[in-house]
Each structure stands twice: as C-alpha cells, then as structure tokens.
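Novice: Once you've looked at the hints, dock chain B against the given chain A.
Each protein sequence line maps, in turn, to chains A and B.
First residue of the first sequence? That's 27 in this note's numbering, and the numbers climb one at a time after it.
First residue of the second sequence? That's 589 in this note's numbering, and the numbers climb one at a time after it.
Simulated from the structure, these hints should not be mistaken for lab results.
Take the hints with a grain of salt, since some may be wrong.
One side of the interface only, derived from the structure: several residues of chain A facing chain B at Cβ under 8 Å [to be verified]:
| # | residue |
| --- | --- |
| 1 | P76 |
| 2 | N151 |
| 3 | G177 |
The beta-carbon is built from N, C-alpha and C at its ideal position, and this holds for glycine as well.
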Amino acid sequence: MSVLRTVGIATRDQLRSFRRAPVTTLLAMLLPLNLLLLMSLFALTGYNAPTGLVVGEDTPRAREFVRALQDAHNSFALRPMDAATAHALLRRGRLVAVIEVPAGFDSTIAARRAAEVRLTVDNVNLDMAEDVRRAVPAAAAIFAERLQLRGVRIHPELVNVIDHETGYVEYLGVSAIALAAMIAGGLLGGTVVAREWETGAARLLLVSPAGAAPVLTGRLVAAGLVGVLASVATALVVVYGYHVPAAHPLEAAAGIVLTVAASTTLGGLLGALLRRTLPITPLVLGIGLPFYLDSGALEPQRFDGEWLFRFAHLSPAYYGVGVMEHAFHGLTVTPEPVWQLLAVLALIAVVPLALLGRVARR
Amino acid sequence: MIRVAWAVARLDLARWARSPALIAASLIPAAGMSLTVLALTYAVGRQPVALVREGYGPVSERVVGILRESDGFFLRERTPEQAQRELEQQWVCAVITIPKNFDEAAREGDARLRVVINNVDLDFSDDIRRSVSEAVVAIEAPELASLGEGEEDEHAPATPATAADAELDPAADADAIPGGARNPYKVDVIETDLRRADVSFLAYQMVPVLALLALTAGALVTALSIAGDREGGRLRMMRVAPAPRAGLVAGHLLGGTLAATLLLAAITLPLAALRVLHVPSGRWPAVAALLVSTAVGSTGLGVLVGLVTHRVTTTVLLGVNAASASFLLGGAFTTIAFLPEWIQRIARLVPSYYAVEGLREALFYETMPMFARNVGVLTGTGVASVVLGAWLLSATWTRARPTRAPATRGRRDA
Chain A
27 MSVLRTVGIA TRDQLRSFRR APVTTLLAML LPLNLLLLMS LFALTGYNAP
77 TGLVVGEDTP RAREFVRALQ DAHNSFALRP MDAATAHALL RRGRLVAVIE
127 VPAGFDSTIA ARRAAEVRLT VDNVNLDMAE DVRRAVPAAA AIFAERLQLR
177 GVRIHPELVN VIDHETGYVE YLGVSAIALA AMIAGGLLGG TVVAREWETG
227 AARLLLVSPA GAAPVLTGRL VAAGLVGVLA SVATALVVVY GYHVPAAHPL
277 EAAAGIVLTV AASTTLGGLL GALLRRTLPI TPLVLGIGLP FYLDSGALEP
327 QRFDGEWLFR FAHLSPAYYG VGVMEHAFHG LTVTPEPVWQ LLAVLALIAV
377 VPLALLGRVA RR
Chain B
589 MIRVAWAVAR LDLARWARSP ALIAASLIPA AGMSLTVLAL TYAVGRQPVA
639 LVREGYGPVS ERVVGILRES DGFFLRERTP EQAQRELEQQ WVCAVITIPK
689 NFDEAAREGD ARLRVVINNV DLDFSDDIRR SVSEAVVAIE APELASLGEG
739 EEDEHAPATP ATAADAELDP AADADAIPGG ARNPYKVDVI ETDLRRADVS
789 FLAYQMVPVL ALLALTAGAL VTALSIAGDR EGGRLRMMRV APAPRAGLVA
839 GHLLGGTLAA TLLLAAITLP LAALRVLHVP SGRWPAVAAL LVSTAVGSTG
889 LGVLVGLVTH RVTTTVLLGV NAASASFLLG GAFTTIAFLP EWIQRIARLV
939 PSYYAVEGLR EALFYETMPM FARNVGVLTG TGVASVVLGA WLLSATWTRA
989 RPTRAPATRG RRDA
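Chain A on its own, in the form it takes in the complex (with noise of 0.2 Å):
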C-alpha cells in the first residue's frame, strides 16, 4: 500500500471519528471562537476610559472645552451626571475618573486667568490612570489651538505613516484568527496523536509494514481540516460581526491554513510527546495564550523590545497574525515580508512532520 494511500485512508478514518463525536469536535470549534470574543473584551477597555463629567455652567468655553476632552485621542467615554453621583460611582469602581468643570469657567478664561478644572482619578489600575493623566493635558492643547489662546508658542504636528486608522477592537479581532488557527491546530492535532497511545492503537502502528507516520500524517491532516474550519468559522464572525472585509482574501486563505498547518503539526508532536490526551488542551491554551500576546496581537511585536521580539519567533502565532493583519488591514507589522512569514509557517508545518515516524518509535 503505498504511503499516500496509507495517509488518505487514516485521514479519512479521524474524519469519520470527529463525525461519531460531534459535541467534542464542536467544543473544539467553539474554543477559538470563544476566545476571539473573549479577547475582544479586552480591547473594548483599551481606550475611552469611562469618565463622569460634571459641568457647573452651559457656556461656550466650557461647551468648547467638553469638546476637547472629546477629542483627545479616543481617551474619554464623557458621562454628564452631578458631582455626588459622580463621586459615589467613582469610589464603586464604576468610573476611571471624574472631570468637573466648574462654574465661572468661562468668565475666568474672558478675565485671561486659568480656570481650575477638578480631577479625580481611582489610580487603582496604573494604565488607565495614566492615559487619562496624559489625556487631559492633551484636552487643554487641542482647547487653547481651537480658541486660538495666544501665547502658546509650541505645537505638536501629528503625522500619520499609514493613511487610514484601525481600531484597536479590529486590529485585535483580526489578530485572533491567527490565534484560533494556533489553538484550534494544535489541541486538535495533539489529541488525535495521543489517542492513538491511549488506545494502543500506536502498538500496532509500530509493527505495520508503512510505520507509524503515515497514519499519524493522515490523523493530522483530518485535524488540520477541521481546525481549517474553526478558524474559518472565526474569520467570518470577523468580517461580518466586527465589519472587518479581507483587503487580500488569497492571502488571508493562506495564511489560515499555513497557520494552522504549522500549529496541528506541532500539536501532534506534543500529543507523540506526551502520549495523554489530558494534558493537551490545557497545555495548548496555556503556552497558547502568552504566545499569542507576544506576537503582535496586540501592536507590532518590536516595540516591545528585541527579548520578547526574538522570542516571539518560536511560534507560529507570530507568523499568522503577521500575515493576517496584512491580509486583512494591509498593515506591515512585522519586519519580515508576508511571503517569508508565509514560508516559515510552511517550514513549521513539515519539520514536526518528518520527526513523527522517529519519536513514535521512542
């Protein structure tokens, strides 16, 4: 029989497997999508801290400076509401901070003094303290630049190298499909591997005339095709849910299925490895998940410096969301060209591959 009859016949085998355990083979799906929601969470909280604005006057210069705060770089989700409840929500852990605008305002500024604006920030969670710290200084610049104060004499001149902008929840969301290929690959390709020794069924396979690695390449193939579909399935609640449209859809084809590819293989020398189903699913989501953050899922993965930027070369999470978000927002986020990052994941996929046949035989 020959090796690529032998791997046809196991592919179609593991296919008909997933078919007799659907409710396994759907929560396996469902994991990817799962946490590209779940993640998305994360982004939502990104930006526009929830802020209670108290305005103590309805003038134009306090209307003007409301504006500005608006305007300052997607900081602020402004919430009018009175001062007590303000204060009361502040001290709940319902509100970032409390801006309040007082009155006299504008008739301090008409009379060329400063109006004193009141800040009350819960510093319990240091990022967003400080982006609403930095936020209303920039709020004060685009104030006086929009009321033409004279006397300042510094402006900043904000140059964009990419002509359009991309939201953080989309930027993220693209990103987790690269993360559902890894995830989806590799739990799916480490327990099809390992079942084979919890079944003893890879004692067999050992003594067959064709080895053990063909029909380990054919369960992976069938892994590889379902985890192609989960991660299908969450690029489609990307395009249609987070209304993000593929600018290259080849592109984004390939990299899914290099990805994933790259990830099932790995999986299944994990499953070769470990030779228990038990340990897979947790192992892959928690090497996964740090993986993933440390891929340029979340801004391009050099700005975190040359430690965590080499590290993020061992998995292949680094390669996918590369080729994804250029697929799909046609942002450059990595040094290397998409065609290279599209020829490592390949690479990937094959090496574990060629090492099957030699650690089943361990």
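Specialist: What follows is chain B alone, placed relative to chain A:
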C-alpha cells in the same frame, strides 16, 4: 451522607495528588495566564521613539529634557536617516523631530514639533499622541502636565527658572497670570487620587489569575474526576452502592474545593510574603473567605460540567471553554464595570465575576460593599451545584435503568 461525601472527597484528592497530568492541567493555564499578564505589562508600558535633533537652542534643549523625562516613551537620539530606517524596520513606533529653526519659531510664537507616528492601531498610536501632547504642554505649563507625579512636583516653581523659560516668557507677556506663573492654555487641573499610591498594572491583573487557578483546580479537576468515573464504569458501581446521591455529589464538591483551596494557599501565601500580592491589614479574613468561596463556586461549576459530559476529552474541552469564558468574563485583562451593559449582564451569570470583583474590592478599595453578596453568590453556586448535580445523577441513572427482559430472552440474558 457525611461519611460518603468525605470518602469521595478523599478519593478525588488522592487521585489528583497522584496524577501529574491532572496537576499539570490545573497549573498550566494559570501559569500561562501569569505569563500573559507579564507580556501585557510590557505591551501597555512605554513605547520606543526616535528623536531627531536639528535645532540646539535653549528651548530645544528644554524640549529634549522634557521628552527624555516622559514616562510615555523610551527616547533614542538618531540622525534623520537612522530614524527613518528604524521607523520602517519597527525598531521605533514614532519619530519626533526638533527642526533647525525651532528656537526662533518659538520666539515668534509658532514652533512646530514634528511627530511621525506608525499608526498601526489606535491604542498605542493614541498613547504616543497623548504623551507628545503632554510633553508639549509641559514646556509652557509644567504644572498642567505633571499630573500624578507626587508631592514634590506639586511644589515645583510656577515661575520660569531657566534660560529657556526666559526665552519663552518675555516680561511683557499679555497672558501672564498674576503672581508670575504663565499658563497659555488657561486651564489648571487640580488632581485628587483615590489612593495614595498607584496600583501597578501587574498587581491589578494578577487578581483574576487567582480566580483562574481556582477555576482550573476546582472546576477542571472535579469535572475530570466525575467524567473519569463515568468512562471507567465506576459511576455505575456507585449506583448500586448504598450511598445517597447528594452525598456523592457533595463529596466531589468537597474534594475539588479542598484541592483548589490548598493550591490557592500554596500560591497566595508566597506571593504575599514576596509582596507581589499586597493584602491590606485586617483584610486577610475577607480575602481568605473570598478565595475559599471562589474554590467552592468553581468546583460547583466543575461538578455540573462533569455530570453533563460523557467522555474525558469532551469534559476537558467543555471545562476549558467554561474556564476561559469564566476567566475572561470575570474581569481578566479588563474591568467589567467599564464594558457595555449587555456584557455586564452576561458577566453577572459567571461565578468568577464575583470572585474577581470581591478580591479587587478587598485588595484595592477602602470599603467592601459587595463582600456579602460576592461570598453569597460563590457559595450559593456550590450549594446549587450539589442540588442540581444530585438531580442530574438521578435523572441519568433513571434513564439508564434496564427494562425487565422479556421471558423468551430470559435464558440468553442470564
């Protein structure tokens, strides 16, 4: 019933302690999440920015000083060519240029600080924009741009003190504030912080990791134990044993809770000793109550997952799906109160929401108005899981009860 429950609990604990795979399954997700939080701490910190200096007057000098002190970015001085190259190769995310005529332009009232930003996504590019604006404001109104910088800065001189200030602050300035301070932005900000010291991102985000530990140790281990009993046929044997169903389920709840509590204690106490986890004085009993009730609630979830699944693989997948959903909806990497109302409503259905809220309240807030509710919901989840679990077990066994064999097939069945 107590004897049965204790026997089942001891068995679960022994199985957990003897299985490296189970211990790994409990610890790996929490260890992974801790690493994730560490990675996030880097990601939300300072950004690398290149500075190109073409002007060298006193005002330029002061701008450079302020930019260097900014905690929004790491500044690297580069030539224009180097900066451009590093921007393209992503060594830096922005380039700030101080042009040649910067000082003269500042004297004439129209100096421009050119900032080219690699605006790949809004989150970090807005961070850069805010930091640059803050730095620019600091040049002419230092008091306005020193928010959150502590007491020593509150008393910083409001009047110009350097040559650059003199350049920017001619005595005849029409915008001068009586008293000598000059604030052309006409807005002064008086900042009050709710707590004396800022809570670091790491400390704030490590709290949900404790909830995850309880979730994996309690929920996953208990679910796997029940599913293992079912797959190994032991659950069928228990059916004929003279043991109350509630006792069996309560035993699993007790075993999982003990395992999770032991693990939480083994992690929390060293973290507190190392001052990574700072528990305010007098709050230890509240924190302990919350951790134990988190273990109870998580284990309750595990009992249900174990009872509704039939294969260990399915149990792992459902358990991991439930644990990650609970972890992230509970407030991991985010603050649920800041999310849209409909997400908050979903989050309130998840026990870990009450665990994270309770722990954050106990660790970071002066009062704990939700303490009783949080502990109540978590413990209630455990109790409800015993009731529901006993019912599920009864329903499963009733469905599985063999019908009386027809008389004609009696001999073969025998």
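Novice: Each of the hints needs a verdict: does it hold here or not?
Specialist: Going down the list of hints, with the structure as the test:
no. : hint : result
1   : P76  : holds, 5 Å
2   : N151 : holds, 5 Å
3   : G177 : holds, 3 Å
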